[in-house]
Amino acid sequence: MGKFKYTEENEKEFQRIAKKYPKIDAMMLPALWLVQEQEGWVSPDAMVFVADKLGKTPIQVYEFATFYTMFNLKPIGTYHIELCKTLSCMVMGAPELKKFIKDTLGIGPGETSADGKFHFSEVECQGACGGAPMIALNNQYHENMSIEKLEKIIKECK
Amino acid sequence: MAVELVKIVSKNFDIPDSHKLEVALKNGRYESIDKAFSMQPDEITEEVCKSGLRGKGGGGAACGPKWKLMPPIDERPRYLIVNGDESEPGTFKDRQIFQYDPHLLIEGIICSSYAIGAHDAYIYIRGEYKWFIDRLNEAIDEAYEAGIIGEKVMNKYDYRIDITVHRGGGAYICGEKSALIESIEGKRGHPRLKPHGKECEWFYGMPATVNNVETISSVPNIVLNGYESYTKWGTERAPGTMLFAMSGPVKNPGVYELQYGEKMLDVINDIGGGMRDGLKLKAVIPGGASCPILTAEEVEKAQLDYESMWDIGSTLGTGGMMIIPEGTSMVEVAKNLIEFYHHESCGQCTPCREGTGWIDKTIKKILEGNGSDADLDTIIDVCGTMNGKTICVFAPAVKDIIQSIVEKYRHEFVEYFKN
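The listed protein sequences derive, respectively, from chains A and B.
Per my numbering, residue 1 is the first one in the first sequence, and the count goes up by one each step.
Per my numbering, residue 159 is the first one in the second sequence, and the count goes up by one each step.
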């Protein structure tokens, strides 16, 4: 048995959501989201916990969590910058933003800054093409991004 | 004639606080419910059939006949699943409904669930749309609190409806309806093998219908005002309207509700404001990244309806027009899109899993200056190997976009290895 446990509040939330589905299996995504919201990432311990809760094996949870790109399988720091790289964002200036992040924070895609504060991901289309280029900062969308705007956002996080 | 905006689904989008129940009720939301419950479920389905409403998620299949695929009502539970995964590059229309008129979607779910005999509806939304998920959940909570949904619809109709929002985890393939169901069922989002005959979808072995968010949101107007109110818009074979999205360097990128059949160039110029900063139009991917690319010359002939787009060798898809300006390397465009598809292939079928990787590597080789004519032939050949040989239409979509870019802009690829 691993060390991970939901907080009391999350345990209640898990039980509340579980009632909405005909089978407990459907709780795989909601259960992992609750883990990630609580811890910032999904640890092997948490996978064992979810497996126990859903009557699955840990490997089934692992194969599920690794299929979906939004689950962090290691700690990613306080601020997660996700830059959309797909076509409309590319045409509207995403490559310049990527360069700016590298120059300012010293991190490329998949890397975390030395102080552990920023993690940078280059991601596929986020459905914000009309406001391209865009970044998401801890899930919050920031559209019509420019180097000036990004500089301000990074400064506010520091 | 200038292109006219039509306000059916988008009617309330510009009203301040349109997402709140109080404002929504003042502006016509839930007016269709009394009419719906004065009808038999089959009558609603017939009305939707006559309206010619087509699926807005990319496929364009007729909505009413899809509902008819549900088996006759028996003791088994039946489900409505609303597809809000919206992960096709260039597509960002359903989020407008979540943001500006979530109660329209709830109203549509009530009408549609009653028509197909479902009591539980699940709305699957891509995980990245956290903000929109929160907003939709607030609206659903309001609807429960007001007794609009729950044990009785509108506090008076003896029909239970429960709505649950299911947050995805970041996988494009989960927009494919059977992959979406697999995902809710707690599995990897692998599309299912399709049956030979047409039949409904199956959720935990029970009958289910999957419809796109915008499709469901188009139902209340048809129920309330009759199918004729819908067929007066659009073309004979594609009646009604669609939320068309425009992205790239136009002056006014965004989402606009238009009737089917408008000329693409007029829409780009009249509604999109034309190209910005003196740029010239080079190409358009018409309906999300999986539709064959149109050259500037073809854009002049393009009309925004399914049949017209097929006539010029492309598809309407989700109506998300991606505008590409002169000065953009089409090899870079191809690289960008194949990277997307390589990353997002679910990996279940070998032609798709290996083919996307193979094309990705070959285009990178060309960009590095190490390509040859034989590489271009290889790309076309691999496209042929992928097309029609996989469980879902992901691989054919890759073939459509990549082959069209290589064929129409072959000279640009050749320049990379000649210089």
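Keep in mind the hints are simulated off the structure, nothing from the lab.
Please read all numbers here as calculations on a predicted model, not as lab measurements.
It is possible that part of the hints are untrue.
[Claimed, not checked] Reference listing, derived: stretches of chain A covered by chain B, where coverage requires no fewer than 3 residues with Cβ under 8 Å from a Cβ of chain B: (1) 35-49; (2) 69-79; (3) 85-98; (4) 105-115.
[What the hints assert, rightly or not] Taking lysine to any residue and the SDA-like style, the derived pairs with C-alpha atoms no more than 20 Å apart in a straight line are: (5) B:Lys409 x A:Gly93; (6) B:Lys288 x A:Lys98; (7) A:Lys20 x B:Arg434; (8) B:Lys288 x A:Thr57; (9) B:Lys345 x A:Thr57; (10) A:Lys12 x B:Asp292; (11) A:Lys98 x B:Thr486; (12) B:Lys288 x A:Pro95; (13) B:Lys440 x B:Asp428; (14) A:Lys56 x B:Thr486; (15) B:Lys522 x A:Met27; (16) A:Lys20 x B:Lys519; (17) B:Lys519 x A:Asn139; (18) A:Lys20 x B:Lys522; (19) A:Lys19 x B:Ala220; (20) A:Lys23 x B:Lys519; (21) A:Lys20 x B:Lys440; (22) A:Lys19 x A:Ile76; (23) A:Lys56 x B:Glu340; (24) B:Lys345 x A:Tyr21; (25) A:Lys20 x B:Thr486; (26) A:Lys20 x B:Asp428; (27) A:Lys19 x B:Gly363; (28) A:Lys19 x B:His501; (29) A:Lys20 x B:Glu303; (30) B:Lys288 x A:Gly93; (31) A:Lys56 x B:Asp428; (32) A:Lys98 x B:His501.
[Said to hold, decoys possible] Some chain B residues near chain A, calculated using beta-carbon distances under 8 Å: (33) Pro223; (34) Leu227; (35) Ile231; (36) Gly285; (37) Lys288; (38) Trp289; (39) Thr322; (40) His324.
Ideal Cβ positions, reconstructed from N, Cα and C, are used throughout, including at glycine.
Structure-based check of all given hints:
Against chain B, the segment 35-49 of chain A contributes 0 residues with a C-beta closer than 8 Å to a partner C-beta. That does not satisfy the three-residue criterion, and the hint is violated. With 3 residues having a Cβ less than 8 Å from any Cβ of chain B, the segment 69-79 of chain A passes the three-residue criterion, so the hint holds. Counting residues of the segment 85-98 of chain A whose CB lies closer than 8 Å to any CB of chain B gives 7, which reaches the minimum of 3, so the coverage claim holds. Counting residues of the segment 105-115 of chain A whose CB lies closer than 8 Å to any CB of chain B gives 0, which falls below the minimum of 3, so the coverage claim is violated.
Under the criterion of a C-alpha separation no larger than 20 Å, the hint pairing Lys409 (chain B) with Gly93 (chain A) is consistent with the structure, at around 16 Å. With a C-alpha separation of about 23 Å, the suggested pair Lys288 (chain B) and Lys98 (chain A) falls outside the 20 Å cut-off, and the hint is violated. Pair hint Lys20 (chain A) plus Arg434 (chain B) does not hold up; C-alpha atoms about 48 Å apart against a cutoff of 20 Å. A distance of roughly 28 Å separates the Cα atoms of Lys288 (chain B) and Thr57 (chain A); the hinted pair therefore is violated under the 20 Å criterion.
For the suggested pair Lys345 (chain B) and Thr57 (chain A), the alpha carbons sit about 13 Å apart, so the restraint of at most 20 Å is met. Annotation: proposed proximity of Lys12 (chain A) to Asp292 (chain B) holds, straight-line Cα distance about 18 Å (limit 20 Å). As the CA atoms of Lys98 (chain A) and Thr486 (chain B) are separated by approximately 18 Å, the hinted pair is consistent with the 20 Å bound. For the hint pairing Lys288 (chain B) with Pro95 (chain A), the CA-to-CA distance comes to about 25 Å; that exceeds 20 Å, so the pair is violated.
Taking the CA atoms of Lys440 (chain B) and Asp428 (chain B), the gap is near 18 Å; set against the 20 Å cutoff, the hint holds. About 49 Å separates the Cα atoms of Lys56 (chain A) and Thr486 (chain B), which puts this hinted pair outside 20 Å; it is violated. As the CA atoms of Lys522 (chain B) and Met27 (chain A) are separated by approximately 40 Å, the hinted pair breaks the 20 Å bound. A distance of roughly 45 Å separates the Cα atoms of Lys20 (chain A) and Lys519 (chain B); the hinted pair therefore is violated under the 20 Å criterion.
Restraint check for Lys519 (chain B) and Asn139 (chain A): the C-alpha separation of about 31 Å exceeds 20 Å, so the hint is violated. Among the hinted pairs, Lys20 (chain A) with Lys522 (chain B) is inconsistent with the structure: their alpha-carbon atoms are about 47 Å apart, more than 20 Å. For the suggested pair Lys19 (chain A) and Ala220 (chain B), the alpha carbons sit about 33 Å apart, so the restraint of at most 20 Å is broken. The hinted pair formed by Lys23 (chain A) and Lys519 (chain B) fails the criterion: a straight-line CA distance of about 42 Å is larger than 20 Å.
Taken as a hint, the Lys20 (chain A) and Lys440 (chain B) pair is broken in the structure, with Cα atoms around 49 Å apart against an allowance of 20 Å. For the hint linking Lys19 (chain A) to Ile76 (chain A), the alpha-carbon distance of about 32 Å lies beyond 20 Å, and the restraint is violated. At roughly 16 Å between alpha-carbon atoms, Lys56 (chain A) and Glu340 (chain B) fall within 20 Å of each other, so this suggested pair holds. For the hint pairing Lys345 (chain B) with Tyr21 (chain A), the CA-to-CA distance comes to about 15 Å; that is within 20 Å, so the pair holds.
Distance check on the hinted pair: Lys20 (chain A) and Thr486 (chain B) sit about 49 Å apart at the alpha-carbon level, beyond 20 Å; violated. Simply put, Lys20 (chain A) and Asp428 (chain B) have alpha-carbon atoms about 46 Å apart, too far for the 20 Å limit, and the pair is violated. As the CA atoms of Lys19 (chain A) and Gly363 (chain B) are separated by approximately 19 Å, the hinted pair is consistent with the 20 Å bound. Restraint check for Lys19 (chain A) and His501 (chain B): the C-alpha separation of about 34 Å exceeds 20 Å, so the hint is violated.
Of the pairs offered as hints, the one joining Lys20 (chain A) and Glu303 (chain B) holds, with about 17 Å between alpha carbons and a cut-off of 20 Å not exceeded. In summary, the hint linking Lys288 (chain B) to Gly93 (chain A) is not supported, as the alpha carbons are separated by about 24 Å, beyond the 20 Å threshold. Only pairs whose Cα atoms come within 20 Å are accepted, and Lys56 (chain A) paired with Asp428 (chain B) is rejected, the gap being roughly 56 Å. Of the supplied pair hints, the one linking Lys98 (chain A) and His501 (chain B) holds, its CA atoms being roughly 19 Å apart against a limit of 20 Å.
Violation of the interface hint for Pro223 (chain B) is found here, the shortest Cβ-Cβ separation to chain A being roughly 27 Å, above the 8 Å cut-off. With its C-beta approaching chain A no nearer than about 21 Å, Leu227 (chain B) sits outside the 8 Å limit, and its interface hint is violated. Using the Cβ-Cβ criterion of 8 Å, the hint placing Ile231 (chain B) at the interface with chain A is not satisfied: the shortest such distance is roughly 17 Å. For Gly285 (chain B), the interface hint holds, the least distance from its beta-carbon to any beta-carbon of chain A being 5 Å, beneath 8 Å.
Hint status for Lys288 (chain B) relative to chain A: holds, with the closest Cβ pair at about 4 Å, below 8 Å. Taking 8 Å as the C-beta cut-off, the interface hint given for Trp289 (chain B) holds, the closest approach to chain A being about 6 Å. For Thr322 (chain B), the interface hint holds, since its Cβ comes within 8 Å of a Cβ in chain A; the closest pair sits about 4 Å apart. With a least beta-carbon distance of about 7 Å to chain A, the hint placing His324 (chain B) at the interface is held under the 8 Å criterion.
Going through the hint list in order, the structure does not satisfy hints 1, 4, 6, 7, 8, 12, 14, 15, 16, 17, 18, 19, 20, 21, 22, 25, 26, 28, 30, 31, 33, 34, 35.
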